[in-house]
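Just so you know, the sequences run in chain order A and B. Going by the numbering used here, the first residue of the first sequence is number 1, and it counts up by one from there. Going by the numbering used here, the first residue of the second sequence is number 1, and it counts up by one from there.
Careful: at least some of the hints might be erroneous.
Part of the chain A face toward chain B, derived, beta carbon under 8 angstroms [as the list claims (entries may be wrong)]:
1. A222
2. L416
3. L481
If you want a taste of the chain B side facing chain A, the calculated C-beta under 7 angstroms gives, among others [to be verified]:
4. G31
5. F85
6. G88
7. L98
8. A100
9. A126
10. I147
11. P150
12. Q157
In case anyone wonders, no lab produced these hints; they're calculated from the structure. Just so you know, even glycine gets a beta-carbon here, dropped at the ideal spot from N, CA and C.
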Amino acid sequence: MDVWNLLLQGFATAGTPVNLLWAFVGCALGTAVGVLPGIGPATAVAMLLPITTQVEATASMIFFAGIYYGAMYGGSTTSILLNTPGETATMVTAMEGNKMAKSGRAGAALATSAIGSFVAGTIATVLVTLFAPMLADFAVRLGPPEYFMLMVLAFTTVSAVLGQSTVRGLTALFIGLAMGLVGMDQITGQVRYTAGVPELLDGVEIVLVAVGLFAVAEAMHAVLFEGRVVETENRMSRVTMTLRDWKRSVPAWLRGTAIGAPFGCIPAGGTEIPTFLSYAVEKKLAKGDDLAEFGSTGAIEGVAGPEAANNATVTAAMIPLLTLGIPVSNTTAILLGAFQNYGIQPGPQLFTTSSALVWALIASLYIGNVMLLVLNLPMVGLWVKLLKVPKPQLYAGILIFATVGAYGMRQSAFDLYLLYAIGLLGLVMRRFNFPTAPVLVGMILGPLAEAQMRNAISIGEGSALIFVQRPLSLGLLVVVLLVLVVPRVLAARHRRAPLR
Amino acid sequence: MRPRGHASHSPALQSLLAAGVALLGLALAVGAYFIPSNAGYAGVGPNFLPWVVSLALLACGARLFFKARRGGFRNMEEHTGEHPFWAGFAWLSAGLLLNAALITTVGFIFSCALCFVLAARGLRLAEGQAAAGWATVARDSVVGLLIAAPVFWAFTQFLGISLPGLTQTGWL
Numbered sequence: 001m002d003v004w005n006l007l008l009q010g011f012a013t014a015g016t017p018v019n020l021l022w023a024f025v026g027c028a029l030g031t032a033v034g035v036l037p038g039i040g041p042a043t044a045v046a047m048l049l050p051i052t053t054q055v056e057a058t059a060s061m062i063f064f065a066g067i068y069y070g071a072m073y074g075g076s077t078t079s080i081l082l083n084t085p086g087e088t089a090t091m092v093t094a095m096e097g098n099k100m101a102k103s104g105r106a107g108a109a110l111a112t113s114a115i116g117s118f119v120a121g122t123i124a125t126v127l128v129t130l131f132a133p134m135l136a137d138f139a140v141r142l143g144p145p146e147y148f149m150l151m152v153l154a155f156t157t158v159s160a161v162l163g164q165s166t167v168r169g170l171t172a173l174f175i176g177l178a179m180g181l182v183g184m185d186q187i188t189g190q191v192r193y194t195a196g197v198p199e200l201l202d203g204v205e206i207v208l209v210a211v212g213l214f215a216v217a218e219a220m221h222a223v224l225f226e227g228r229v230v231e232t233e234n235r236m237s238r239v240t241m242t243l244r245d246w247k248r249s250v251p252a253w254l255r256g257t258a259i260g261a262p263f264g265c266i267p268a269g270g271t272e273i274p275t276f277l278s279y280a281v282e283k284k285l286a287k288g289d290d291l292a293e294f295g296s297t298g299a300i301e302g303v304a305g306p307e308a309a310n311n312a313t314v315t316a317a318m319i320p321l322l323t324l325g326i327p328v329s330n331t332t333a334i335l336l337g338a339f340q341n342y343g344i345q346p347g348p349q350l351f352t353t354s355s356a357l358v359w360a361l362i363a364s365l366y367i368g369n370v371m372l373l374v375l376n377l378p379m380v381g382l383w384v385k386l387l388k389v390p391k392p393q394l395y396a397g398i399l400i401f402a403t404v405g406a407y408g409m410r411q412s413a414f415d416l417y418l419l420y421a422i423g424l425l426g427l428v429m430r431r432f433n434f435p436t437a438p439v440l441v442g443m444i445l446g447p448l449a450e451a452q453m454r455n456a457i458s459i460g461e462g463s464a465l466i467f468v469q470r471p472l473s474l475g476l477l478v479v480v481l482l483v484l485v486v487p488r489v490l491a492a493r494h495r496r497a498p499l500r
Numbered sequence: 001m002r003p004r005g006h007a008s009h010s011p012a013l014q015s016l017l018a019a020g021v022a023l024l025g026l027a028l029a030v031g032a033y034f035i036p037s038n039a040g041y042a043g044v045g046p047n048f049l050p051w052v053v054s055l056a057l058l059a060c061g062a063r064l065f066f067k068a069r070r071g072g073f074r075n076m077e078e079h080t081g082e083h084p085f086w087a088g089f090a091w092l093s094a095g096l097l098l099n100a101a102l103i104t105t106v107g108f109i110f111s112c113a114l115c116f117v118l119a120a121r122g123l124r125l126a127e128g129q130a131a132a133g134w135a136t137v138a139r140d141s142v143v144g145l146l147i148a149a150p151v152f153w154a155f156t157q158f159l160g161i162s163l164p165g166l167t168q169t170g171w172l
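Using the sequences and the accompanying hints, generate a full structural model.
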């Protein structure tokens, strides 16, 4: 069917007053959690997962998408104004943004990041509109072997490629897979690893793991190690851009979008690579006075490019999530969990079975971007005030919301003890530099991957050779191996080179 | 290279952590042994992935142990804070665990407010605020109640999520 017709229907659904309100509340809440240190979009969406038991699917997905998006806008505000590195996605923004703020150009940095996010978000949403249905049409033809290989690819990239250490990434991934094993097996109903605890029959709730690993672990880390860390805040200035700022920002936004969008489309997740890449490109292209500003007084391209790349990646990540059902970041993994709570399995069939929901969600991305531009340009001063919330009250308050999320899902006090235990796990992982995204992706995608693998082997009549007999699945297997081998070879050559 | 660094860089602690990972793998392997295989047509049954995961964790544990013994984990981030502040951690833990213990008896609002007060006290002590006298405790209690109560109402009354109350009224 005609994409534009479907999109218009989506706008009709997303444009009802109730859904607009959900989108607005989501965007506002998202901006707030983006601005507040110690809580991110993954935690916020996870804490609110219990609403999936009551609120209708379209409304809550629009709401969650708003949080997901809004946090990206809000995060840059914090990284520009506060001299502490926030979430990884905005680390690059902080490099130049901080320098700009220190030299009295906080306003211009905020403006270029908000407008850049809007430009990139909108362009990437257009890409989602155009390509998601096409990819879905193609993906319908994929069978269990191909799906399984795609999931293995997602596991590999999220654990072995991103992050500082392959072993630590893989350890995190297998811990996540182990968590996913708890409960009843999807295919045979066999009970696994419940240790006789009835609460564990349904498995470990996503809310618990996400909130425990992020919110509770964060509070524990803060009380143990961050008490004496002094934060300084940069002075705000008027949020405007000069003509010269515009001239330098516009190409940077477009280049950032071009770099970011492809990274979102492939199941290789993470915004670190595209943002760093965009930063490097901008620095390389800069000349004369502009180049001198990099690292000294702060170059506006260094904020504009990475911010655009960040938002383009995050938006384009909706494509693999919606069409393949493969999440590659913490937040998209939790969004997948939200779909599952409704008994909806994202994948190629989603565009036919839940067409109204998908198109309303896509339409709400356009609407959300406009809302966020308004929320983050004229009203940025409001959010800046959130940075003044003292830490003890902030973290203690987050724990109250953590309780709502953890208890509200199943009404069980047992879950609150489990939450504490997962918080301890998160604390240890954070202290020893284990990445957390593989845990969540492993836990949520693990059971799906297991089912695909067993179905695939059934198709192969009990033989695992099925994975190399089908061309596409073999191709994906080769990609997985390349992803594992190539960085090592490059690193080895890099190490040898200086010796010559 | 770094004789006295952060605790997370200590080879002994890293080895302990590696042993923990391996032990988890071992425990999962014991569990996997007791899962029946009834593979049916699939050729692989419900015990297949458990075996993969436990063997992988054993391997990861061994590799981590090896790395810890050979000069420690590589590419570790520089951490903030050298000395963990255990007293504050104890207050925070007390808040969380009491919350779990009391929530069904005293209700969401009071249980969460208590958690707020205890956690905030731990965090204040961590910041070196000598304070945390009765005035601060009283103020934190009020703030905690002011957060917990509206949250309780919003979730139970508007979103229909059931949270435990002290009474059956739905407002307390």
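Hints violated by the structure (listed by number, smallest first): 3, 7, 11 and 12
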